[in-house]
Amino acid sequence: MNTAADEFPIVLQNVTRRFGKAIAVNDLSLRVARGTTLGFIGLNGAGKTTTIRMLVGLLKPHAGRITVAGCSIPNQRDAVKTKLGYVPDRPTVYQWMRVQQAIEFTRSFYPNWNTHRCNELMKMFDLDRNKQAKHLSKGQAAKLSLLLALCHDPEVLILDEPTSGFDPLVREEFLEGVLAVTSERQQTVLFSSHTLSDVQRLADSVAIMHEGKLLLHSPVDALLEKTKRIRAVLDDESASRQTPPGMIFQQLRGREWTITVQNFTSEQVEFIRSRNHVSQVDVLDLNLDDVFKDFVRGKKETV
Amino acid sequence: MQIEPASPLPIFQQIADGIRAAVASGIYRPGDLIPSVRAQALALLVNPNTVQRAYEQLERDGLITSKKGVGMIVCQESPAAAKNGVDQTLRNAISQAILSARAAGISRAGIDRIYREAWNEAEKRGKP
Amino acid sequence: MIALMKKDWRLFRVPVVGGIVLHLIPYFIYGFITWWNWKSLAQPQLGPELAAMSGPGFAIIMIIAAVLGGAALAQERRDRSADFQAMLPVSRAQIIASKVIVSALILLAFAIFDISIFLLASMALNPSTENSRPDRGEMFQMFISFTLLAYGAAWLGSSFLSSPAIAASASLALLLTSALWPNLLPNSFPIREYQIAEWTALVLGVGCLVAGTVYYLKRIEP
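Protein chains in written order, with the numbering used here: chain A, 1 to 303; chain B, 304 to 431; chain C, 432 to 653.
Calculated directly from the structure, the hints in this document are not laboratory data.
Predicted, not measured: the structure shown is a model, and the values here were computed from it.
For every residue, glycine included, the Cβ atom is placed at its ideal position computed from N, Cα and C.
Treat the hints with care, as some may be off.
Said to hold, decoys possible - In silico lysine to aspartate or glutamate, EDC-like type, Cα no more than 20 Å apart, as pairs: (1) A:LYS134 - A:GLU104; (2) A:LYS138 - C:ASP510; (3) A:LYS293 - A:GLU237; (4) C:LYS437 - A:GLU104.
Claimed, not checked - Pulled from the structure, derived: some chain B residues nowhere near chain A, Cβ distances all over 10 Å: (5) ARG332; (6) GLU359; (7) PRO382; (8) ALA383; (9) ARG428.
Using the sequences and the hints, build the whole thing.
Right under this line is the structure:
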């Protein structure tokens, strides 16, 4: 059991959470390998924040098991706190505390506080030590939350939509802060984001949530390699179309027919060519944004 | 070097191509030290594992090598290897242009003409 | 732990300042009236008057107890700093201890002030000869019981509510109910009304305190 926990610092098994009649997270099973970064993506309301809150022990799951850094959550929550860093979607620091106060307050609870790291991040983030938290701008407040989450060298870092609503410069500074720390140590990171370009650059693997369910979990490069969009021009747009196996989503614009497939093989191109009256078939590569949207649109259509 | 996450080309490939291009054009000379994995990751804002993958490809292709206690340096034979190597980023850009041309119904001869005109244009702009 | 207590002291600053102001108002009123009456014929008796002024003080302590109890856990929930605290490596027990200790010290400070004034000023007060009026010891017991109820009931509310005001108000309502419900009993009831009220307050107070503590220790959400 110990080796499994070492390999996967974040494990969710059949986790379910309801709010009244609505199921926010539905039988979710997911694990993140040590030293890797998982990008957690999905539409608003897909269940990302609920999942994250259960992961850090702020919300009780109605079913399933959660293990973080080898400790069962929420029962062994207290044991994992020194190894866990959490940046919520909205700042939670005491608003009346000044930056310096907040740092000293937080430091007093961690025996493993890294002062060198703290100074390094303070310089990088350029925060005013005397400013009260309530007078910090959105970006500055988030940088403070990040600093307080990173300075005790956590093994596991969890970020909930860390850069949403940031101006481009602050976003970069924030990500630099995250990378500066995670690139030095074997840290396991899980972050949810709507900025899919960030996920594409920073994540080793990605998990897509949709309506409480896990749609897919895959390394980013493999996903982008295997998911392709086939574009074909139909001779007759009103004719019935035969779609290839492995289709995620299709769209018809006039005579232009695009089919997004997972696990692309040339056989799918052959299928389309032979079973439909088409001319000019092309295969297009997709970025993460395209892949995500097509997966989600495809799911919405089947419902 | 700029990373285009919107581009469907894998980021590690873009990084490798960026360094390859820098070597080919003389920005990096043989014996030069290239940024460490960590420094490069920070500069480009990408996952260090991705940079690692790019460096591994360049090492395999004989463009860079690891020097003990120093870091990754450009090999002696690099410039030639870089120039002859397949630049995937460039290839991808051309493929995208070809796809757009096909979608617009432009023929092969048509895009050849456009290419020649664009090349002349670029040369003219670069002249003093 | 010290850091937690310093933080909680800052958190309770408003009830403390409000409490001090409310506390001193009766004394200022008394001082004003005394100054006003100084010129008139009636010579006021300093001792009993001052002792009587500390009466409202004790009542105000009960209100402050309710406010502190209500603010204890609910205030941070409202500010969202409860989430921040929940992520720190401190146990629920430590969080509870810090809030209760700081609240107790604040209430103790107020109580010492009022009791001192009462004792000093009531030297001239004659002990009551009527049976129905409780003596000093009994009054002190009543004060303890009701303050405990004020804090305990508000504490219970604070453990699951997000509004300190609702918790405090509910507590004060319960306080009034416990004080007044013995009046419903028949006059022939053997035990004195004030004693019933006192025991009600004590049992409810301790019960609420324990219930709130146990609930908060078991609860997952901060």
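Among the hints numbered above, which are violated by the structure, and what are their numbers in rising order?
As far as the earlier hints go, only 3 is violated by this structure.
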